[in-house]
Amino acid sequence: MAKHENRHLTTEQLSAYIDKQLSAQERATCKLHLQTCEQCQSNLATLKQTVALLKALPQPALPRSFVLPAGAAYLQEQPAQQQTPAMLTPAANRHVWLSYLQRSFRPISVIFALMGLVFLLSGVLPTLHPGGGTITPTTSSAGEASSNASPAASPNATSSNVHTGVHTPAALPRDTTPTSTARTQVITTPGTHHETALAPPLFALNTDMGRQEIGWLLIVLGIVGVLLTRRKRRIT
Amino acid sequence: MGKPMRDDEEQLIACSQRGDVNAFNQLILHYQPTVYGVVYRMFGNADVAADITQDAFIAAFRSITSFRGDSSFRSWILRIASNLAYDHWRRTQRHPAESLESLTDEEEPHSASDLNALIETGREQNPEAYVLNQELQALIQRGLEMLPLEQRVAVVLCDIQGMPYEEIATATQATLGTVRSRIARGRARLRNYLYQHRELLPRNYRLPTNSD
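The listed protein sequences correspond, in order, to chains A and B. First residue of the first sequence? That's 0 in numbering that gives the first Met the number 0, and the numbers climb one at a time after it. First residue of the second sequence? That's 0 in numbering that gives the first Met the number 0, and the numbers climb one at a time after it.
Worth double-checking, as some hints may not be accurate.
Now the in silico label distances, taken between C-beta atoms and shown as ranges [to be verified]:
(1) A:Gln34 x B:Arg5: 24 to 30 Å
(2) B:Leu28 x A:Thr9: 29 to 35 Å
(3) A:Thr9 x B:Ala137: 56 to 62 Å
(4) A:Arg26 x B:Ala58: 37 to 43 Å
(5) A:Gln58 x B:Arg89: 22 to 28 Å
(6) A:Pro62 x B:Asn191: 47 to 53 Å
(7) B:Gln92 x A:Arg102: 31 to 37 Å
(8) B:Arg67 x A:Thr9: 32 to 38 Å
(9) B:Arg90 x A:Gln58: 52 to 58 Å
Since the hints were made in silico from the structure, they are not lab data. Backbone N, C-alpha and C define an ideal beta-carbon position, used for all residues, glycine too.
The task is simple: from the sequences and hints, build the whole structure.
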């Protein structure tokens, strides 16, 4: 206690003391200290006088009344606006979720279209340029590699990819892996994935024509996806 | 201040929530001196205070359905007003040229003898009650405007409006501890500012022996 009495009171303590915002115990220690400490007494007195000056400030005269005109348009909109955010929060959340879905749907469609383009090129380019002189090395090697991989049995497809991957750029595994996974899915779970299950009979991936067909399909799907999201955006 | 109409108030709020502008206008009539007074003391500018007060009442009517009665209506409306005041302050901070006129705080000091003659000080029963002349009012107002905005709002609500700490905490969306410290720091700063201009203060105003 003796230590507390010797320590000067902080401005915050004195300020709260004025407003009677201290706990009973704190107030008692403050009072005790103030009895003996002139510095804190003066500090308290000047703070009190500052408060008194503020209290003496007159209320400024109102320049006009702030009463609202009845029937004003901006007033009638307001209660409705206020109710909507409170009442429609689940709907608003759904809306946000939908727009998020739309936003993510677009890039997915673009990726689909690009994948389709790759398939298409891998199907078309080898037939157009059998020599492969003018074609970029990546596409030609991709085409060759996939055609190389196709005669091999499906479980060995991945191993052949690894083997050829040493020479070919990164684009190659991307092209061939979907086909290999599609095949393994056909073997293991034919019923679950309809699209992948249907793919081999309709689109023979080991032929150029099959790759062209799947390429076209993916491009069309991608374009449709992009167009759909565009329309939705305009509506909202 | 809000106590005599406490009973009516709930009814008026309920009517306002059903879209009754006239009921809300009754509330405005009661609270407009408070709201205008607080904003006026924050910026010392009648036009700014009037604009913010009007906007605050419009915003309050728009959002009256969100008033649940957890806090007093006074602290609720003051929260809206102080938020708008903060927005205004931020705008003027970004574009100081617009507000240069209203924010100039340095005026040439007046001679002490002339001003002291104008100050009526002290009353027998309450020596701390001052009747302030125009110059001294202007000095305190400038002192307030020197404070950081958070401290300014807290001091205005506490010492000019006489609001309890709890209500100030609600109105400024701060904790009690923060309110306490803002009030203390604001008062101390203002005291030091007034001390720098002590020639304008009443004769019986006790000056600090040390500045902390």
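Hint check results:
Checked against the given bound of 24 to 30 Å, the beta carbons of A:Gln34 and B:Arg5, roughly 41 Å apart, lie outside it. Look at B:Leu28 against A:Thr9: about 42 Å separates their beta carbons, and that is not inside 29 to 35 Å. Restraint check, A:Thr9 to B:Ala137: a C-beta distance of roughly 31 Å breaks the suggested window 56 to 62 Å. Checked against the hint of 37 to 43 Å, the pair A:Arg26 and B:Ala58 passes, with Cβ atoms roughly 40 Å apart.
Judged by the Cβ atoms, the range 22 to 28 Å given for A:Gln58 and B:Arg89 holds: they are separated by roughly 27 Å. The given range of 47 to 53 Å is broken by A:Pro62 and B:Asn191, whose C-beta atoms sit roughly 32 Å from each other. Restraint check, B:Gln92 to A:Arg102: a C-beta distance of roughly 35 Å satisfies the suggested window 31 to 37 Å. In this structure the hint that B:Arg67 and A:Thr9 lie 32 to 38 Å apart at CB holds, the actual value being about 37 Å.
Range check, B:Arg90 to A:Gln58: about 27 Å between beta-carbon atoms, so the 52 to 58 Å window is missed.
Hints 1, 2, 3, 6 and 9 from the earlier list are contradicted by this structure; the remaining hints agree with it.
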